[in-house]
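Combine the two chains into a complex, taking the hints into account.
Those sequence lines, one after another, are chains A and B. Numbering-wise (our numbering), the first sequence opens with residue 856 and increments by one. Numbering-wise (our numbering), the second sequence opens with residue 177 and increments by one.
Simulated from the structure, these hints should not be mistaken for laboratory data. Certain hints may be false.
With a Cα cut of at most 20 Å, we get these calculated EDC-like pairs of lysine to aspartate or glutamate [stated by the list, open to error]:
{"hint": "1", "chain 1": "B", "residue 1": "Lys-281", "chain 2": "A", "residue 2": "Asp-903"}
{"hint": "2", "chain 1": "B", "residue 1": "Lys-281", "chain 2": "A", "residue 2": "Glu-897"}
{"hint": "3", "chain 1": "B", "residue 1": "Lys-339", "chain 2": "B", "residue 2": "Glu-402"}
{"hint": "4", "chain 1": "A", "residue 1": "Lys-895", "chain 2": "B", "residue 2": "Asp-286"}
This is what each chain is made of:
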Amino acid sequence: MNELTPPPTPAAGAPASDEYAPAIGFAAKDVEQVRIYEAKAEQKVARDYQHIVWAYGVLWALFAAYGIFLWRRSARLRADMDALRRALDARA
Amino acid sequence: MKRALPYVLLVAAAAIYPYAVARVFLDTPIERQMGTAFKIFFFHVPMGWLCMLMALICGVAAAVELRRRSQTAAAVALAAAELGFVCGLGVLLTGPIWGNATWGKPWTGDARQVSTALLWLVIAAYLVVRHYGPSSNRRLAAALAIFGAIDVPVIYQAVKWWKTQHPTTEVVGSLPPALWASLWPALGAIALTVFGLLGIRIRQLLLADALDEGWARQSDLAAAKEVRHE
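The following block holds chain B by itself, in its conformation from the complex (with noise of 0.2 Å):
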């Protein structure tokens, strides 16, 4: 059961997805001010709130991580963080093309956009050094998995802290019920599917590392056996 897990997540996701996508674009009314544009919310949101979601998996398993020497650990924390890129690379596109149609600019220096960016930054620059430096490098990657984590809160506050023209995080907790009822199965969709993608890659990445260790011990099995010969 565990194994199949993230394959139900994903087939949940599958039935979810028309029924979230009907229910933006044939039940939910059109957004007075902002129009049709306004129906990018639906996905624009939970897609934020699970790239920061992600970003605090990976700096707690990072953490975990650096202090336990768990592969465990490892594996989450790198899995989180390509998610995390992954939903942040949505948000930081969809985000300057809904900007476009309301603000009428993609991209205004705004603090959450800006706040927002460094994440991404971060959470790339994660990936860069777990995948491509040496292993010596786990405690740089950890840092900046930490680092990317603290930067969670400042992005939840950037609307509060400075002066914005994003909307505020009061926004979504006063929606009416009926966008409500249209915000709650994208959101679970988009979940569903990152929380499946997620358990894939963390298979992935463990059966890597398993396989990793079967390559060493065949070749030290090898040179055994030469040794034996000669």
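With the rest of the complex left out, here is chain A (with noise of 0.2 Å):
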């Protein structure tokens, strides 16, 4: 019933074109199926938020947790430092 034939070839010197070809000896419900889930693939590609989110999300958490690092780092530095300064001044 549905015999596949190929659009035909573009006349030479014709522009190229990567657009839909009319699709001829399919069944129109066929193609109209085709088309549902070329849009559904369409809508999904165009807004797939959640892999972005992921993507940010991971990005930002990694320097804000090394930022966390360095400041809790820092915290640790100063209070050595306010320690040997104690130890220095009840020496001297």
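Below you can see the structure in the form of structure tokens.
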């Protein structure tokens, strides 16, 4: 029933086009079904926010974690410096 | 001024971030084949570049440390390794998220993925040796850092030497101006953040060394005083 006929090749000199070629020889129902799938896939790709949120969340969480690590390390160094200063003052 | 420089870099990064994110999400067109997931590119790629740059800095600084026994070089190598670890983890997490969206698989065993993972493991090993190993293991640590630096050109060339699914190095060069205009601010923001954090960490490590010396002198003084009392 669905005899697959390749779309006609563009005439020599015609501008190359990557737009949809006319579907010849397909049942209208099948063409419609394929278009529904394509539209769904296009919507999914165009609105793929889940991956974006994960990727950007991971990046900023990493920098935030390293920032917190540095801040805690700074606090520890400051406490160590105060302790050394007190120890030296006590000796003097 | 020198002391404030890392903080100036972080403030500049904080000022650029909103612009970079707004450009990526509001002004950059959606790529036709990869769709929205392509926007991961704008921070994934700079993180990859900075990871490789940190590995190179770490390798060079470790070699200088080995040759001249320089405390500054040791601090630069360790700080660069820590930031290479953070950037490498960022690349290794965002890459599979992007791969999952566009290839349908997070990990394909691609040569670039594997060589990047190898670099990250080498950096992790370097950090373990530097943080938890005895000081006599400095040579081993330096060898690991140099090995990591040698892996950097391998990562860069991986997409040329082997058949891979990962986009080639030409992709970035062939970007249209509209995409470059979004990549520059993202690269600038991440680079300023990384160099700001690098500066802060180097200062911390040098301060920690100075404090260790201070405590050692303090205990020497205490011991000398006790001997005098006896």
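Identify every previously stated hint that the structure contradicts and give their numbers, smallest first.
-> As far as the earlier hints go, 3, 4 are violated by this structure, in ascending order.
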